[in-house]
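What follows is the residue order along each chain.
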Amino acid sequence: MTPLIETRNLNVRFGGVHATRDVNFTLAEAELRCVIGPNGAGKSTFFKLLTGQVKPTSGQILFRGKDISNMQPHEPGRLGIGIKTQVPSLFNGLSVWENVWLSARRTNSTEQADRITRETLERVGMLALRDATAGLLAHGMRQWVEIGVVIAADPPLILLDEPAAGMSDAEVARTAELILEINRRHALVVVEHDMNFIRMIAKKVTVLHQGAVIMEDSPDRIMRDPLIQQIYLGKKPH
Amino acid sequence: MNRFAKSWMSAALCLAIGTAMLFGLPSVMDDYTLIQVTIYAVMSILGVSLGFIWGFGGILCFGQAAFFGLGSYTYAIAVMNMGDSTVPFVLAILVPALFAAVIGYVIFYGRLSDVYMGVITLTVTLILFNLINSTAGPEWRIGSAPLGGFNGIPGIPTLNVPGRPDDVLSPKDLFDVTVVCLLVVYLGLRVLISSKIGRVIIAAKENEQRVLLLGYDARAYKLFCFTLGGAIAGLAGCLFANWGAFTSPTIFGLAQSAQIIIWVIVGGLGTLVGPIVGCALIQWLTTAIGTQQTFNSNLVLGAILLLFVLLVPRGIVPSLGSAGEWLFRKLRRPAAAVSPVASTAVLPPTEQAT
Chain D
8 MTPLIETRNL
18 NVRFGGVHAT
28 RDVNFTLAEA
38 ELRCVIGPNG
48 AGKSTFFKLL
58 TGQVKPTSGQ
68 ILFRGKDISN
78 MQPHEPGRLG
88 IGIKTQVPSL
98 FNGLSVWENV
108 WLSARRTNST
118 EQADRITRET
128 LERVGMLALR
138 DATAGLLAHG
148 MRQWVEIGVV
158 IAADPPLILL
168 DEPAAGMSDA
178 EVARTAELIL
188 EINRRHALVV
198 VEHDMNFIRM
208 IAKKVTVLHQ
218 GAVIMEDSPD
228 RIMRDPLIQQ
238 IYLGKKPH
Chain X
127 MNRFAKSWMS
137 AALCLAIGTA
147 MLFGLPSVMD
157 DYTLIQVTIY
167 AVMSILGVSL
177 GFIWGFGGIL
187 CFGQAAFFGL
197 GSYTYAIAVM
207 NMGDSTVPFV
217 LAILVPALFA
227 AVIGYVIFYG
237 RLSDVYMGVI
247 TLTVTLILFN
257 LINSTAGPEW
267 RIGSAPLGGF
277 NGIPGIPTLN
287 VPGRPDDVLS
297 PKDLFDVTVV
307 CLLVVYLGLR
317 VLISSKIGRV
327 IIAAKENEQR
337 VLLLGYDARA
347 YKLFCFTLGG
357 AIAGLAGCLF
367 ANWGAFTSPT
377 IFGLAQSAQI
387 IIWVIVGGLG
397 TLVGPIVGCA
407 LIQWLTTAIG
417 TQQTFNSNLV
427 LGAILLLFVL
437 LVPRGIVPSL
447 GSAGEWLFRK
457 LRRPAAAVSP
467 VASTAVLPPT
477 EQAT
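Chains as they are written, first to last, in this note's numbering: chain D, 8 to 245; chain X, 127 to 480.
Next up, chain D with everything else stripped away, as it sits in the complex (with noise of 0.2 angstroms):
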């Protein structure tokens, strides 16, 4: 079966960084797929490569078989890939439901529009909010809008980069029911540093270090593996 993503030998480089070194990713449809990795294990910029917001040195980016490393900046979106950054990238000056609505508008009429807001701002608890300027939030409640925001959109693959970073426990708690909700209709790719998150999520993860992706498995075996721990955690192995 073709997978949903597929990245095959891919590099980029950015002068002498060599930031993402032959990754080989897999994700099948509606899968769960938790990546982690250091500071500069090059997570975001692979997030960044996989929504054409750079460009690989070398190698290919299949989205369902179809080479999609060239695309312009706008087309991975149209293709059905949404993405929520690691800094919330929001309208800051519009209101939550104007967030939620361009998401949903673009490929929807004006009431089906305003239905899918309404319904993506219930799901993520934020219907009260509805009329609240963006840029005024809370740092939770706007890593929430901006899961809406992709949400609205509907597209097959989801990537979230550290939806639960600044979150209080029982936010985190939250952010983590709304993601395994999410999933029953969507696929993800999660990038997170908190183990506990993880834990609550995944059921796979992908460990990069220095560009590379070097191991592949279930949360406590990751865990477990004293490689994993001297480059994650600091720890010798024993």
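Hints in this document: simulated from the structure, not taken from any laboratory. Heads up, the beta-carbon is just placed ideally off N, CA and C, and yes, glycines get one too. Every clue listed holds true.
Example chain X residues on the side facing chain D (calculated, C-beta under 8 angstroms, incomplete):
hint	residue
1	LYS322
2	ARG325
3	LEU338
4	LEU339
Short, incomplete list of chain D residues facing chain X, as computed with Cβ under 8 angstroms:
hint	residue
5	THR58
6	PRO80
7	HIS81
8	ARG85
9	ILE90
10	LEU97
11	PHE98
12	ASN99
13	GLY100
14	LEU101
15	LEU109
16	SER110
17	ARG112
18	ARG113
Knowing the structure of chain D, use the given hints to seat chain X on it.
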């Protein structure tokens, strides 16, 4: 009251004021004053063109005068060759629009930064100024229309009733046509801003990266916005040529371009009424200062710009709007407590109701 309702209430208010001016002013004003008000309306259309692309599209164009001048010259040359003004009127809108589309394509599809946008548009204006300025000889003519170089083109035939070249418009008719054009431009842009296209244009100004990630081609939306601004400026240029039956290269000049920016800043960026208010106010002030010898008008305009940038950075209309809302809330507060949700629903500094 939500933002959408407020927006349309203010549009209805502007339409009512415009209609009242259209029918009321000619009966209470002498011909000289009516002609003065006509030029205010012409320049207001020009101001709105920049107010739209800058305030809503986030495109700071230093060369809006280029499209204005092109509209003016296109009308003058075409009408002198054709006789009937109907096609020249349309050409005066289409030629600047096409010119804006070409420049915009290079800028937006070449992914040039905002700084280059300013540099390119300013340079194009100055090139046009120098080009037209150096066409003084009798050999410089297009058909039967001499370009006139720095002397400009005098004796431009006024708009006529379509298909009847001898039935030219009187100053009162020209006032009517100009005010109707201003109202149509205002309401047309109001409708556009409320549509999907308008909202994407505003969104691209807020966060172009997010617009791209949603799958919208931001370049196309910005190009449309810029081209429409060029078309509206061309319309203003056409009406300007009609107003004085004259056009000259000075309308391509740096002073003209700077003045449009001042109108928008003073009236209020991010509104459509702001540029109209700013234009009328500054035009009136310039005329008033011109009647005395004590102060140089450019010096006063510079001081006004500085004062507004420092003290009223949002401009007259948004500041008045905020003051009105504050007063409205203060008067309502005893009757109904403000909910925490409502208190967070603060209007953004841009895209306000006006």
